[in-house]
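Enquirer: Please put together the full structure from these sequences, using the hints given.
Quick mapping for you: the protein sequence lines, in order, are chains A and B. Everything in the first sequence is counted per our numbering, starting at 1 for the first residue and increasing by one. Everything in the second sequence is counted per our numbering, starting at 1 for the first residue and increasing by one.
Everything labelled a hint here was simulated from the structure, so no lab data went into it. Any given hint could be a false lead.
To be verified - Label pairs and their computed distance ranges (CB to CB):
(1) B/16 x A/196: 19 to 25 Å
(2) A/136 x B/199: 53 to 59 Å
(3) A/57 x B/50: 47 to 53 Å
(4) B/34 x A/136: 43 to 49 Å
(5) A/57 x B/59: 30 to 36 Å
Every value quoted in this text rests on a predicted model; they were computed, and no experiment measured them. Idealized CB from N, CA, C, for every residue including glycine.
Number of protein chains: 2
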Amino acid sequence: MASRIIDGLQQAIFEHRLAPGTKLSEDEVGQIYGVSRTIVRSALQSLAYSQLVTIEKNRGAFVASPSVREAHEVFEARALIEPRVAAMAAKRFNEKHTTKLTKHIAAEHEAMALGDKGKALALSGEFHLEIAHIAAHDVFTDFVQSLVKRSSLIIAMYWKRPDTTCESHSHHALMKAFSAGDAVGAEEVMRSHIVDLHSGLDLHSKKPAQMSLADALKP
Amino acid sequence: MASRIIDGLQQAIFEHRLAPGTKLSEDEVGQIYGVSRTIVRSALQSLAYSQLVTIEKNRGAFVASPSVREAHEVFEARALIEPRVAAMAAKRFNEKHTTKLTKHIAAEHEAMALGDKGKALALSGEFHLEIAHIAAHDVFTDFVQSLVKRSSLIIAMYWKRPDTTCESHSHHALMKAFSAGDAVGAEEVMRSHIVDLHSGLDLHSKKPAQMSLADALKP
DNA sequence: TGTCTAAATTTTGTATACAATACTGAATTG
DNA sequence: CAATTCAGTATTGTATACAAAATTTAGACA
Numbered sequence: 001m002a003s004r005i006i007d008g009l010q011q012a013i014f015e016h017r018l019a020p021g022t023k024l025s026e027d028e029v030g031q032i033y034g035v036s037r038t039i040v041r042s043a044l045q046s047l048a049y050s051q052l053v054t055i056e057k058n059r060g061a062f063v064a065s066p067s068v069r070e071a072h073e074v075f076e077a078r079a080l081i082e083p084r085v086a087a088m089a090a091k092r093f094n095e096k097h098t099t100k101l102t103k104h105i106a107a108e109h110e111a112m113a114l115g116d117k118g119k120a121l122a123l124s125g126e127f128h129l130e131i132a133h134i135a136a137h138d139v140f141t142d143f144v145q146s147l148v149k150r151s152s153l154i155i156a157m158y159w160k161r162p163d164t165t166c167e168s169h170s171h172h173a174l175m176k177a178f179s180a181g182d183a184v185g186a187e188e189v190m191r192s193h194i195v196d197l198h199s200g201l202d203l204h205s206k207k208p209a210q211m212s213l214a215d216a217l218k219p
Numbered sequence: 001m002a003s004r005i006i007d008g009l010q011q012a013i014f015e016h017r018l019a020p021g022t023k024l025s026e027d028e029v030g031q032i033y034g035v036s037r038t039i040v041r042s043a044l045q046s047l048a049y050s051q052l053v054t055i056e057k058n059r060g061a062f063v064a065s066p067s068v069r070e071a072h073e074v075f076e077a078r079a080l081i082e083p084r085v086a087a088m089a090a091k092r093f094n095e096k097h098t099t100k101l102t103k104h105i106a107a108e109h110e111a112m113a114l115g116d117k118g119k120a121l122a123l124s125g126e127f128h129l130e131i132a133h134i135a136a137h138d139v140f141t142d143f144v145q146s147l148v149k150r151s152s153l154i155i156a157m158y159w160k161r162p163d164t165t166c167e168s169h170s171h172h173a174l175m176k177a178f179s180a181g182d183a184v185g186a187e188e189v190m191r192s193h194i195v196d197l198h199s200g201l202d203l204h205s206k207k208p209a210q211m212s213l214a215d216a217l218k219p
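Expert: If you want it as structure tokens, here you go:
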């Protein structure tokens with residue numbers, strides 16, 4: 001099944017084990033996962049839809065290397081959509097959601113304490129996706145999922161301070177607004193949280209390092 | 001190339017020549033377009049990604065049949081995103097855009113006058129997409145494109161009055177706001193235009209006709 | 001008749017084979 | 001020595017072949 005390959009590549013991209021620009025040869029990927037190119041092609045096509053991979057005709061697939069401009073756009077989109085989603089979630093929030101999100105925040109803390117940056121980043125993204133699920137709006141959920149995935153790659157590329165993840169505070173504040181059923185508050189907290197994330201990026205560097213070159217140094 | 005098949009199927013879906021629920025057999029589609037199943041599968045996967053087709057494991061692909069709920073969600077999303085896009089477009093608007101949109105509106109009028117409902121619907125969707133291009137925000141443009149496509153299918157299924165298309169007035173008002181560089185005005189016109197479209201749907205019917213049954217009557 | 005079962009058929013899922021295109025590098029030439 | 005051409009190699013694009021699953025059909029039985 002292709003989903004195993006999609007997940008594997010996604011994870012590797014988010015954790016920067018596959019650097020932006022890296023060539024994803026169909027044969028190579030197929031041998032690693034023990035499947036034929038047919039499946040790999042399907043997986044790569046799927047990853048291309050979610051913009052984590054770029055496919056060039058007759059040249060193959062590469063790990064995406066989002067531009068500074070694209071990074072801005074993704075966070076502008078999040079700043080428009082997610083506050084609305086948070087407001088919707090606040091209106092539907094109940095006890096079950098509390099326990100689920102609480103666990104999530106705890107897991108984030110733990111990952112951060114252990115210094116597992118990759119896992120912390122993944123969990124932080126899942127938190128936003130979980131909120132969309134609570135809002136129970138499939139169209140917005142799809143958008144948020146897409147934006148969160150792209151953000152994971154963008155953060156992996158452009159995050160200013162490799163040490164800090166600095167998220168948990170906002171997530172706690174969101175929880176509070178949800179518990180109080182405060183839609184307006186949740187909306188505002190979410191907006192400023194997204195703006196924070198956006199401003200935590202270093203989007204002034206001339207160009208993202210073209211990793212395919214770095215890769216070329218290897219042999 | 002798969003794009004020919006994607007376009008062909010899309011057009012057929014929008015124009016209701018392929019009814020929601022219709023089975024899209026890989027072999028059948030492949031023979032029609034003179035390509036192998038490989039290409040057809042790729043095309044169907046692409047259409048599934050844009051939600052115009054539903055793929056069920058081991059059962060195949062079917063023309064999507066968006067639910068009433070999905071219809072509401074799509075237009076709610078449009079009502080959030082497109083006004084913002086319109087405001088951005090208003091700020092970047094110039095002469096070249098005027099001529100392009102004017103032509104577009106004329107074409108819509110013509111199609112409507114000729115009673116070509118399918119073409120009028122397609123042009124109306126393209127108008128919204130054109131605005132997104134003017135706004136020059138790739139992320140929002142992708143979202144608008146996706147939403148417009150889904151809207152085309154939804155309108156084909158749920159539109160109240162088969163005769164009226166009733167759009168051109170709003171499109172003209174949008175043009176006016178753009179020309180004046182009036183971002184706030186454009187935003188508001190767009191919002192009410194989307195709400196109009198939304199309320200032009202008949203979303204009270206118990207269930208969309210399951211066309212696969214109607215199809216079964218054929219032989 | 002109507003329903004259940006099982007073989008036969010069709011259709012999708014996956015792997016492989018062949019074709020077309022792009023990449024690599026050595027030989028050649030200015 | 002730089003640039004260029006032209007094989008040879010490697011990789012992607014597409015078609016086909018085989019495997020697995022679902023659907024259909026036929027027949028048995030009540």
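Enquirer: It remains to establish, for every hint, whether it holds in the given structure.
Expert: Tested hints:
no.	hint	in the structure
1	B/16 x A/196: 19 to 25 Å	violated, 47 Å
2	A/136 x B/199: 53 to 59 Å	violated, 22 Å
3	A/57 x B/50: 47 to 53 Å	violated, 20 Å
4	B/34 x A/136: 43 to 49 Å	holds, 44 Å
5	A/57 x B/59: 30 to 36 Å	holds, 31 Å
Going through the hint list in order, the structure does not satisfy hints 1, 2, 3.
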